[in-house]
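Undergrad: Sequence:
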Amino acid sequence: MMAGEVMALLGATPGHVLADLTVGAGGHAAAFLRATAPTGMVFGCDRDQFALDLARDRLQSEGLGSRATWMHGTFSECLARLAVEARRPDAVLIDLGVSSMQLDDPGRGFTLRSDGPLDMRMDNSRGDTAAHFLQHARPSDIESALCDLGGEPSGQRLARALVERRTQRPFRSTGDLRSFIETVLGRRGGKIHPATRAFQGLRMAVNRELPLLEEALPQALSLLVPGGRLAVISFHSGEDSIVKAFMLQAAAAGHELLTRKAVQPSREESRSNRRSRSARLRVIRKSAGESA
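Heads up, this note's numbering is the position in the sequence shown plus 200, with the first residue counted as 1.
Hints in this document: simulated from the structure, not taken from any laboratory.
Treat each hint with caution, since some may be false.
Straight-line C-alpha distance at most 25 Å; calculated DMTMM-like pairs for lysine to aspartate or glutamate [stated by the list, open to error]: (1) Lys391 / Glu277; (2) Lys461 / Glu205; (3) Lys461 / Glu409; (4) Lys391 / Glu415; (5) Lys391 / Asp305; (6) Lys444 / Asp376; (7) Lys391 / Glu414; (8) Lys444 / Glu415; (9) Lys391 / Asp328; (10) Lys444 / Glu277; (11) Lys444 / Glu409; (12) Lys391 / Glu469; (13) Lys444 / Asp348; (14) Lys444 / Glu456; (15) Lys391 / Glu468; (16) Lys391 / Glu456; (17) Lys391 / Asp348; (18) Lys444 / Asp253; (19) Lys444 / Glu469; (20) Lys444 / Glu414.
Restraint-style ranges between C-beta atoms, simulated for each label pair [stated by the list, open to error]: (21) Gly438 / Gly390: 32 to 42 Å; (22) Leu448 / Gly307: 39 to 49 Å; (23) Arg234 / Glu382: 37 to 47 Å.
From a predicted model like this one, the values you see are computed outputs, not experimental measurements.
Just so you know, even glycine gets a beta-carbon here, dropped at the ideal spot from N, CA and C.
The whole structure should be built from the sequences, with the hints applied where relevant.
TA: What follows is the structure, given as structure tokens:
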């Protein structure tokens, strides 16, 4: 997504090193390796082992795999590993949100278009599922997920209904949850399904997306070489608010904000990829005099 804009703002040139903390299917990593040939390198990190395997296969098939190293874990886990190994990249990229391949797989539990297990974990090897969250979370945490993260205007009422329903039988599938939300909220007008916001909020809560982002941003800036660049693509207003506030604070401390306003996808990309429409790209350059 926004590959050309990302490469330009990262200043990708031969020999540079990128820590791609959300490598996904490897699109940005491949573009960076081509732009930094023949000696540029990528540290590809993702919470999703399936995504890592897919990215590794893609880069190998394109003849780029020899310049990539792979890490499985959260943003902070991968950044901590790089710090221990004294690997300081020229650029760090964080592409937030859920990936197309995760959304398109009913078995992951992210989509409400097809029935599947109520999982929603980006790393399905550890942590609690969305089904566990709905069954055991405090009512206030469920309400916060729906209202604050999902932006559901009827989140308080829906949270009460979900808590009441779980005393009768647990939610186990996406289809069950989708149907229940439809019953509670009704079929609204417009193109957005009534369960869309609730699914988003539950996913963000299950994966602790905002707390992990807040933790990783200062780590990433600190790890960069002097003059290195941190780029973040966000899709959610809460994510973008965190990124904007962090970068403004960093700019006030002497770093250089390269995007006075968030960069958005071109009209052509928005037309060809509907999921890109809400994307916002922000980039900051670490002070050349900052060594840690």
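Undergrad: Taking the hints in turn, state whether each one holds.
TA: So, going through the hints one by one against the coordinates:
{"no.": "1", "hint": "Lys391 / Glu277", "verdict": "violated (38 Å)"}
{"no.": "2", "hint": "Lys461 / Glu205", "verdict": "holds (14 Å)"}
{"no.": "3", "hint": "Lys461 / Glu409", "verdict": "holds (23 Å)"}
{"no.": "4", "hint": "Lys391 / Glu415", "verdict": "violated (35 Å)"}
{"no.": "5", "hint": "Lys391 / Asp305", "verdict": "holds (21 Å)"}
{"no.": "6", "hint": "Lys444 / Asp376", "verdict": "violated (37 Å)"}
{"no.": "7", "hint": "Lys391 / Glu414", "verdict": "violated (32 Å)"}
{"no.": "8", "hint": "Lys444 / Glu415", "verdict": "holds (14 Å)"}
{"no.": "9", "hint": "Lys391 / Asp328", "verdict": "violated (31 Å)"}
{"no.": "10", "hint": "Lys444 / Glu277", "verdict": "holds (23 Å)"}
{"no.": "11", "hint": "Lys444 / Glu409", "verdict": "holds (16 Å)"}
{"no.": "12", "hint": "Lys391 / Glu469", "verdict": "holds (21 Å)"}
{"no.": "13", "hint": "Lys444 / Asp348", "verdict": "holds (18 Å)"}
{"no.": "14", "hint": "Lys444 / Glu456", "verdict": "holds (13 Å)"}
{"no.": "15", "hint": "Lys391 / Glu468", "verdict": "holds (22 Å)"}
{"no.": "16", "hint": "Lys391 / Glu456", "verdict": "violated (40 Å)"}
{"no.": "17", "hint": "Lys391 / Asp348", "verdict": "holds (22 Å)"}
{"no.": "18", "hint": "Lys444 / Asp253", "verdict": "violated (32 Å)"}
{"no.": "19", "hint": "Lys444 / Glu469", "verdict": "holds (23 Å)"}
{"no.": "20", "hint": "Lys444 / Glu414", "verdict": "holds (11 Å)"}
{"no.": "21", "hint": "Gly438 / Gly390: 32 to 42 Å", "verdict": "violated (22 Å)"}
{"no.": "22", "hint": "Leu448 / Gly307: 39 to 49 Å", "verdict": "holds (40 Å)"}
{"no.": "23", "hint": "Arg234 / Glu382: 37 to 47 Å", "verdict": "holds (46 Å)"}
In this structure, the hints that do not hold are numbers 1, 4, 6, 7, 9, 16, 18 and 21, in rising order.
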